Amino acid sequence: MDGMFMQLKVSASALEAQKVRMNVIASNMANIGSTSTPEGGPYIRKDVTFQSHMFAEGMVGVDVPKIVEDRRPFKKVYDPGHPDADKEGYVSYPNVNIIEESVNLMSASRAYEANITLISSFKEMYNKTLDLAKS
Amino acid sequence: MGGRSMMILEKMMDVSAYRHKLLASNIANVDTPGYKAGDISFQNELQGAIGDASNGIREKRSYNVFETTDTMPNRDGNTVNAELEMAKVAENTLIYKTAADFLSLKIKVIKSILTQR
Numbered sequence: 001m002d003g004m005f006m007q008l009k010v011s012a013s014a015l016e017a018q019k020v021r022m023n024v025i026a027s028n029m030a031n032i033g034s035t036s037t038p039e040g041g042p043y044i045r046k047d048v049t050f051q052s053h054m055f056a057e058g059m060v061g062v063d064v065p066k067i068v069e070d071r072r073p074f075k076k077v078y079d080p081g082h083p084d085a086d087k088e089g090y091v092s093y094p095n096v097n098i099i100e101e102s103v104n105l106m107s108a109s110r111a112y113e114a115n116i117t118l119i120s121s122f123k124e125m126y127n128k129t130l131d132l133a134k135s
Numbered sequence: 001m002g003g004r005s006m007m008i009l010e011k012m013m014d015v016s017a018y019r020h021k022l023l024a025s026n027i028a029n030v031d032t033p034g035y036k037a038g039d040i041s042f043q044n045e046l047q048g049a050i051g052d053a054s055n056g057i058r059e060k061r062s063y064n065v066f067e068t069t070d071t072m073p074n075r076d077g078n079t080v081n082a083e084l085e086m087a088k089v090a091e092n093t094l095i096y097k098t099a100a101d102f103l104s105l106k107i108k109v110i111k112s113i114l115t116q117r
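Going down the list, the protein sequences come from chains R and F. Residues in the first sequence are numbered from 1 upward in steps of one, following the numbering used here. Residues in the second sequence are numbered from 1 upward in steps of one, following the numbering used here.
What the hints contain is simulated information worked out from the structure, not anything from laboratory work. It is possible that part of the hints are untrue.
Stated by the list, open to error - Subject to a maximum C-alpha distance of 25 Å in a straight line, what follows is the list of computed DSS-like cross-link-like pairs (lysine-lysine):
| no. | chain 1 | residue 1 | chain 2 | residue 2 |
| --- | --- | --- | --- | --- |
| 1 | R | 9 | R | 66 |
| 2 | R | 134 | F | 36 |
| 3 | F | 106 | R | 134 |
| 4 | F | 108 | R | 123 |
| 5 | R | 128 | F | 36 |
| 6 | F | 106 | R | 66 |
| 7 | F | 111 | R | 134 |
| 8 | F | 36 | R | 9 |
| 9 | F | 111 | R | 128 |
| 10 | R | 134 | F | 108 |
| 11 | F | 108 | R | 9 |
| 12 | F | 60 | R | 9 |
| 13 | R | 9 | F | 106 |
| 14 | F | 60 | R | 128 |
| 15 | R | 9 | F | 97 |
| 16 | F | 36 | R | 66 |
| 17 | F | 36 | R | 19 |
Every value quoted in this text rests on a predicted model; they were computed, and no experiment measured them.
Whole structure, please, built from the sequences with the hints as guidance.
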């Protein structure tokens, strides 16, 4: 029995991973204009890394082992009146690109839907098997 | 009772249930860097399973899982093609449901024969 339902765990692990990814994208988008953070400096774009995780023979789920920071440079905008401007009058804006985030969000939600479809098809197949006992 | 056709339907369900697991893994890892999509040949595995059963071999066969080669790997080495995998899922689900429906029909026929008076 365990082997049979393990497949649901595989799909659920992917749902979880894509959800974490969507959360990170939401944080990036929300902080597109955050020029200061409690840690100092502007907000740094975050990204997730995916890693496959073997559940059983032939069944490979996915994990998010860590959330990494994007090391690309900040956007410098000349605005001497800004409270976060440096000595030369430049403000560092987060290295977040709204288009890139939107594309990633779309990709994450498509992947999420695909995994939902897999769970539904598993349920259909399982119900068919149960129906055999009723015939 | 039921004979060969029931055995074939049973093997069809067996093989497609296993293939569904592989396809679920592929879809789960659609964004995992370096992941290689795996698949089995439904036809070959079914023929093998039927052959085994006809020869009275009872042990469970191990499936010959291969890496799919019909897609170009992504820049990160991932070879899952989501659209292709979803098409396979649709096909595989249909095969499983068809086999289950026919098996159910077969059981109904046997039942009606048994309950004839």
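Here is how each hint holds up against the structure:
1. 9/R with 66/R: Roughly 20 Å between the alpha carbons, so the hint for residue 9/R and residue 66/R holds.
2. 134/R with 36/F: violated (40 Å)
3. 106/F with 134/R: Answer holds: residue 106/F to residue 134/R is near 13 Å, not above 25 Å.
4. 108/F with 123/R: Given pair residue 108/F, residue 123/R holds - Cα atoms ~23 Å apart, limit 25 Å.
5. 128/R with 36/F: Cα-Cα ~31 Å, so violated.
6. 106/F with 66/R: violated (52 Å)
7. 111/F with 134/R: holds (11 Å)
8. 36/F with 9/R: holds (20 Å)
9. 111/F with 128/R: holds (19 Å)
10. 134/R with 108/F: holds (9 Å)
11. 108/F with 9/R: violated (34 Å)
12. 60/F with 9/R: Distance ~24 Å between residue 60/F and residue 9/R Cα, so the pair holds.
13. 9/R with 106/F: violated (33 Å)
14. 60/F with 128/R: holds (23 Å)
15. 9/R with 97/F: holds (22 Å)
16. 36/F with 66/R: Distance ~21 Å between residue 36/F and residue 66/R Cα, so the pair holds.
17. 36/F with 19/R: Within the cut-off at roughly 22 Å; holds.
Of the hints listed earlier, those the structure fails to meet are numbers 2, 5, 6, 11 and 13, in rising order.
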